[in-house]
Amino acid sequence: DAGVIQSPRHEVTEMGQEVTLRCKPISGHDYLFWYRQTMMRGLELLIYFNNNVPIDDSGMPEDRFSAKMPNASFSTLKIQPSEPRDSAVYFCASSSRGLAGVADTQYFGPGTRLTVL
Amino acid sequence: DQQVKQNSPSLSVQEGRISILNCDYTNSMFDYFLWYKKYPAEGPTFLISISSIKDKNEDGRFTVFLNKSAKHLSLHIVPSQPGDSAVYFCAASYKWFGNTPLVFGKGTRLSVIA
Chain X
22 DAGVIQSPRH
32 EVTEMGQEVT
42 LRCKPISGHD
52 YLFWYRQTMM
62 RGLELLIYFN
72 NNVPIDDSGM
82 PEDRFSAKMP
92 NASFSTLKIQ
102 PSEPRDSAVY
112 FCASSSRGLA
122 GVADTQYFGP
132 GTRLTVL
Chain R
931 DQQVKQNSPS
941 LSVQEGRISI
951 LNCDYTNSMF
961 DYFLWYKKYP
971 AEGPTFLISI
981 SSIKDKNEDG
991 RFTVFLNKSA
1001 KHLSLHIVPS
1011 QPGDSAVYFC
1021 AASYKWFGNT
1031 PLVFGKGTRL
1041 SVIA
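Note that the protein sequences, when read in sequence, are chains X and R. Its first residue numbered 22, the first sequence is counted upward by one per residue in our numbering. Its first residue numbered 931, the second sequence is counted upward by one per residue in our numbering.
Pulled out of the complex, with its shape left as it was, chain X reads as follows (with noise of 0.2 Å):
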């Protein structure tokens, strides 16, 4: 299994301009969640969904911010127009639904840096 495939990487951008990060979740996996990390905040969560319905996204900062899962094989988030305070680590990460109420162990990517100059 290739497990969360994110890219790019690396991305560097300047202020204003649109970013898209990708993601492909684990196949079978059907909960895809995008985290943010930063040195201030830490690991904080921004969307999640399940069977691609976005369930909860009071975490996007901003109307800047926006995330689609079209199928269950690739979500997006993009930022437009991006600014220096993006700058971040951007993961992905992806669970199968768990036995009744137990929570399933999240798989991350290996995230996108983000770089707004």
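Each hint should be verified, as a subset may be incorrect.
[As the list claims (entries may be wrong)] Partner residues aside, some chain R positions facing chain X, computed with beta carbon under 7 Å: (1) Tyr969; (2) Pro970; (3) Glu972; (4) Gly973; (5) Pro974; (6) Phe976; (7) Lys1036.
[What the hints assert, rightly or not] Calculated Cβ distances over 12 Å to all of chain X for the following chain R residues: (8) Val943; (9) Glu945; (10) Leu977; (11) Ala1000; (12) Ser1004; (13) Pro1009; (14) Gly1013; (15) Asp1014; (16) Ser1015; (17) Ile1043.
[Unchecked claim] What follows is a set of in silico ranges between Cβ atoms, one per label pair, in the way DEER data are often shown: (18) Met36/X to Asn997/R: 43 to 49 Å; (19) Pro1009/R to Asn92/X: 43 to 49 Å; (20) Pro75/X to Gln944/R: 45 to 51 Å; (21) Thr59/X to Gly1013/R: 22 to 28 Å; (22) Ser958/R to Val33/X: 24 to 30 Å; (23) Pro1012/R to Met36/X: 38 to 44 Å; (24) Ile948/R to Leu138/X: 42 to 48 Å; (25) Ile948/R to Arg118/X: 33 to 39 Å; (26) Ile983/R to Ser48/X: 30 to 36 Å.
If you are wondering where the hints come from, they were derived from the structure by calculation, not from laboratory data. Source: prediction; values computed, not measured. Virtual Cβ for every residue (Gly too), placed ideally from N, Cα, C.
Given the structure of chain X, go ahead and fit chain R onto it with the hints provided.
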């Protein structure tokens, strides 16, 4: 408001000794706890977990202890090895339709010195 706190940003331990990483939580609804390990330029990887019905779970050199009354958990690594040097994240969740997002602490950087 941080629901999961790791108050020690870093920890140094000599090879062969015990490493103890601590984690506190504030939300009494949390009933499932996990530890993740993260190496530079990689995503966090699952290490060990514990359900609130237990107070201890072991997996090889790794043991997690849970004290529900104190809302505290700890990860013990015995013996510590240089390859254990990484950032360790504590995470928590609670039952809700079988899966809920994890709430993470900010991490503790463990350095195991040879």
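Cross-check of the supplied hints:
| no. | hint | result |
| --- | --- | --- |
| 1 | Tyr969 | violated, 10 Å |
| 2 | Pro970 | violated, 11 Å |
| 3 | Glu972 | holds, 6 Å |
| 4 | Gly973 | holds, 3 Å |
| 5 | Pro974 | holds, 5 Å |
| 6 | Phe976 | holds, 5 Å |
| 7 | Lys1036 | holds, 4 Å |
| 8 | Val943 | holds, 22 Å |
| 9 | Glu945 | holds, 27 Å |
| 10 | Leu977 | violated, 10 Å |
| 11 | Ala1000 | holds, 22 Å |
| 12 | Ser1004 | holds, 19 Å |
| 13 | Pro1009 | holds, 25 Å |
| 14 | Gly1013 | holds, 19 Å |
| 15 | Asp1014 | holds, 19 Å |
| 16 | Ser1015 | holds, 19 Å |
| 17 | Ile1043 | holds, 24 Å |
| 18 | Met36/X to Asn997/R: 43 to 49 Å | holds, 47 Å |
| 19 | Pro1009/R to Asn92/X: 43 to 49 Å | holds, 46 Å |
| 20 | Pro75/X to Gln944/R: 45 to 51 Å | holds, 47 Å |
| 21 | Thr59/X to Gly1013/R: 22 to 28 Å | holds, 27 Å |
| 22 | Ser958/R to Val33/X: 24 to 30 Å | violated, 43 Å |
| 23 | Pro1012/R to Met36/X: 38 to 44 Å | holds, 41 Å |
| 24 | Ile948/R to Leu138/X: 42 to 48 Å | holds, 44 Å |
| 25 | Ile948/R to Arg118/X: 33 to 39 Å | holds, 36 Å |
| 26 | Ile983/R to Ser48/X: 30 to 36 Å | holds, 31 Å |
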